[in-house]
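Undergrad: First residue of the sequence shown? That's 159 in our numbering, and the numbers climb one at a time after it.
Since the hints were made in silico from the structure, they are not lab data. Be aware that one or more of the hints could be misleading.
[Stated by the list, open to error] Each pair of labels, with its calculated beta carbon distance range:
{"id": "1", "residue 1": "338", "residue 2": "499", "range": "20 to 26 Å"}
{"id": "2", "residue 1": "369", "residue 2": "511", "range": "40 to 46 Å"}
{"id": "3", "residue 1": "337", "residue 2": "513", "range": "43 to 49 Å"}
Since this is a predicted model, take the numbers as computed values, not measurements. Positions of the beta carbon are idealized from the N, C-alpha and C atoms, including for glycine.
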Amino acid sequence: MDEKVRATYAVVLAGGRGERFWPKSRAARPKQLQALTGGRTMIEETLARVEPLAPPPRQWIVTSADLAGAVGSVVGPGPRVIGEPLGRNTAPAIAMAASEIARSDPEAVMLVLPSDHHIRDVPGFRSALGRAAELAERGYLATIGIRPDRPETGYGYVERGEAVGGGCFAVKSFREKPDRETAQGFVASGRFYWNGGIFAWSVPVILDNLRKHMPALHRATMDWQGRGGLAAGPEAFGEYFQPLEGISIDYGVMEKADRVAVVEGDFGWDDLGSWEAAARYYREDGSGNRLSGRALSLDSSNSIVVSDQGLVALLGVEDLIVVRSGNAVLVCRRDRAQDVRRVVEELGRAGEKEFI
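Can you build the whole structure from these sequences, using the hints too?
TA: Spelled out as structure tokens, the structure:
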């Protein structure tokens, strides 16, 4: 087999804002640039996990233009950081990255993954990525399906079909976020996985599928490459991509393509969508409290405390989230963890930029 077919690139999507992790996650240093579960930032953890398959020179990070400098300062000189002048969801970001990789390595395999997930079993994760890369070399669009351990209504699902070898399966269907009863049926069937947004394909296969299923995006990408691609600067990027609709790669390609396969993954995956999720990895004090940083709890229970600086003391309270970070403090009930982004929205409306 041609050596170039085996060259694997990791394209890490790092444009999110992580508003549910306010006040630790801010516009200038969002969730993926924070150390939420350990000593390294989320994006550093992501790059370290994929390094055996895609070393730093073949690690590409796609983020927003305003975050490119901050991302570069965190990840160092090895990976390539690409700042999009405007965000258009995952399909345009992937089209841009695939077309740029094709300039120097047209037969490469691409791994595409988010920058801000937590993985407990790293060897298991790498094994699943390796199997997905093998499927990519066989011409599949591959995704890693996370084996569910609960009927989660906040994730999309992937239904498996016939086996295609190597413990992998053809994808029968993609399902949107279900209600609880439907999710319970998915889990009970044993045929459904969580869609974690982790993909593998070869550059020519993804570009061909973009041509078939998203012709406007493919045409804009090829025209942009005709101008020189990234070398043409941000104005050229905006000229070709700004008119396009923001569409996810799931909706734009994966749900429509013919040759799609899923690799079963069971490696302790967590998308860390809120403080409630992150607290699973904090120390517990015996009263149901989850603590990160300096915290004191007296006659208090079932609360989450995060402190970057100084001490946070709880006295006679329960079911709270308290986060002290920088120049702001968050206090809310645990059952409102998903609503924290409303604070950021309100601060934006009030013009309080120093706190966002």
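Undergrad: A separate judgement is required for each hint: does it hold in the structure or not?
TA: Verification of the supplied hints:
| no. | hint | in the structure |
| --- | --- | --- |
| 1 | 338 - 499: 20 to 26 Å | holds, 23 Å |
| 2 | 369 - 511: 40 to 46 Å | holds, 42 Å |
| 3 | 337 - 513: 43 to 49 Å | violated, 36 Å |
Hint 3 from the earlier list is the only one contradicted by this structure; the remaining hints agree with it.
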